[in-house]
Amino acid sequence: MSSTATSIQLEPIKGVVSRTPLENALRRFIRHRSAQVGIIILGFLTFVAVFASALAPYDPIKPLRDVKRRSPPCIHVLGCPADQPQHFFGIDSNQRDLLSRIIYGSRLSLEIGIVTVSFAILIGTALGAFGGFTGGWTDNIIMRVMDVLLAFPSLLLSIAIVAVLGPGLINALIAIAFVSIPIYARTVRASVLQVKEQDFVSASRALGASPLGILAGHVLPNAITPLIVQASLGIASAILSAAALSFLGLGAAPPTPEWGLMLGEERNSVFNAPHLVFIPGIAIMLTVLAFNLIGDGLRDALDPRLVNVS
Amino acid sequence: MYQFLFRRLILLIPVILGITFITFALARILPGDPCYAVIGEKATVEQCNAFREREGLNDPIIVQFVRYLGDVAQGNFGESLKDRRPVAQIMLERLPMTLEVTIGAMLFSSIFGILLGVISAVRRNTAVDVFTMIGANIGVSMPVFWLGLMLAYIFAIFFKDTPFWIPPSGRLSSGISIPPLAETYQLQNLHGLWGAIVTFASNTVTFNALITGNYEVLRDALWHLILPCVAVGTIPLSIIARITRSSLLEVFGLDYIRTARAKGLRERAVIFRHAMRNAMLPIVTILGLSVGGLMSGAVLTETVFSLPGVGTRLVTAILSRDYAVVQAFTVVIALIFVFINLIVDLSYVFLDPRVRLQ
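Heads up: the protein sequence lines correspond to chains E and A, in order.
Using our numbering, read the first sequence as starting at 22 and increasing by one per residue.
Using our numbering, read the second sequence as starting at 10 and increasing by one per residue.
Worth flagging that the hints you see were computed from the coordinates, not collected in a lab.
Remember, it's a predicted structure, so these values are computed and weren't measured experimentally.
Think of the CB as a built atom: it goes at the ideal place given N, C-alpha and C, for glycine as much as any other residue.
This list has only true hints and no planted wrong ones.
One side only, chain A facing chain E, incomplete, derived with CB under 10 Å:
1) Ile25
2) Val149
3) Val153
4) Met159
5) Ile166
Label-pair restraints from in silico Cβ distances:
6) A:Phe13 with E:Phe68: 49 to 59 Å
7) A:Arg133 with E:His97: 38 to 48 Å
8) E:Pro242 with A:Leu21: 29 to 39 Å
Based on the provided sequences and hints, a complete structural model is requested.
Right, dumping it as structure tokens:
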């Protein structure tokens, strides 16, 4: 039997390339139109964030001299007198170059999104995997607590947590991360329950694999798909929530170049210097949009069943 | 069906207990001694001991929790440190505004969201569809408060001196006010729960104006509500449009729709009488879930439009460490959210015969 099996040489059929499921998913993702847009925006933002210090024409925090507060954008090719220094996005209420602040803000926003979501995934995965694996009353208690956390409007719960911890960027991030734990715990638990009883898991258990080994080797790789999708969408909403908290004055403290805070500080300038409000908002929107689009693309790419629905 | 209702109500109990416990526990881990927060930094040890005894802070934690639960059930939320007034009173003043914005935004988002979703689904892959879905993607990515500010700018400055001008802030135009319901109907001597209900209804300006027939005020109040509601409703609108589109497309492929078309029904009847009924379940679910976002959005946009609601008060409470207010608002809004989702679940009974026949 084995001799015949080795003697058969499968000729690859012309025009058909065999691909692993991962390669297939990757191809679907790269061909997904909204994912393409998302990747382009995110690539641009990452570039700006990484090279912020080289790209920003001015210091994002130190006020400039010889400029008028809230002056509109000054761009030479668009008719701004050549003897004035260029300020593409204008000057804010504290005489700082808005463009430089926006550029540095991209760094902060991406960090906020990634840090909070990583933290939430770490804790959520641990809780969900533990609950799903052990089952019984530990599982029950963990999931009931998660249910209760989900019963709060999420932004409101983070506001309440910030109220306890005190305003500040770090506290705001802790609050946002904490509030998003239940989603990941649920996602991971669902995957664990799905995989737990399957034959290959029983087999490796019979071969003497430790529960932790099974978790790392079999369960988590199967949970990774929904987690990736959820993480991408989660980064989007974390950035929005952080901006909201900073806008209310509960997050980043001035003079941090945080987009939400910039919006909050310039709230009252909207009628005489609308660009100071418009531009940070667009920056937030583009970043959130990028992660939402990538999340959508990932979901369609990683779950072939959904391909024909939308 | 009754079994379904009963089971749903039973499931509510641990959630409500959990919500109150979390808000209760958050207050306990608050840094700083509550005694010094209330009496002041100069409080003596004796004063503090007396305070702790009086407030029951020396009791076992479970006793304190049960007492808190009883207080919440009776609408007793303690006293605001800043205003030296019962929090319940502040709530009766502030909550109506937030609910008006929430409900307005909900109407806006569900009506236009479903409409856009249906159009997108029917005209699948046409320019209208692509445009709507791009719009929906952008819609979910916008910060609510930013959209609010932009709308305020566009409608108050850009459309100044045109009929499209819409007031960018406040609840009513200056010079317009409405007498409390208690005064209109001679109900001043009502106290307790009924008194609270009358005050609440009275502070709900649109409701007050509507039932007293004060249409001038009603028009003005609604006019001021337009921008906040549009701002708050845009994110849910985008989500509802997407869900409506995808669930309709799913239903469109089914046999009974083909049958309905084959027997010559008009397309409108096929969509609204046949397809929509089945597509409605996920839409209603999303509607219920988006209430949380709507209320958070209302809390956020109030600062933008200077509306006297929960949000503006919540922020001042946090900045002045007035935790009784934060705690009360959190627990009440969470309970409203849970309650609305209960209604959504109960609506399945009417939307889905399978639930009714269980």
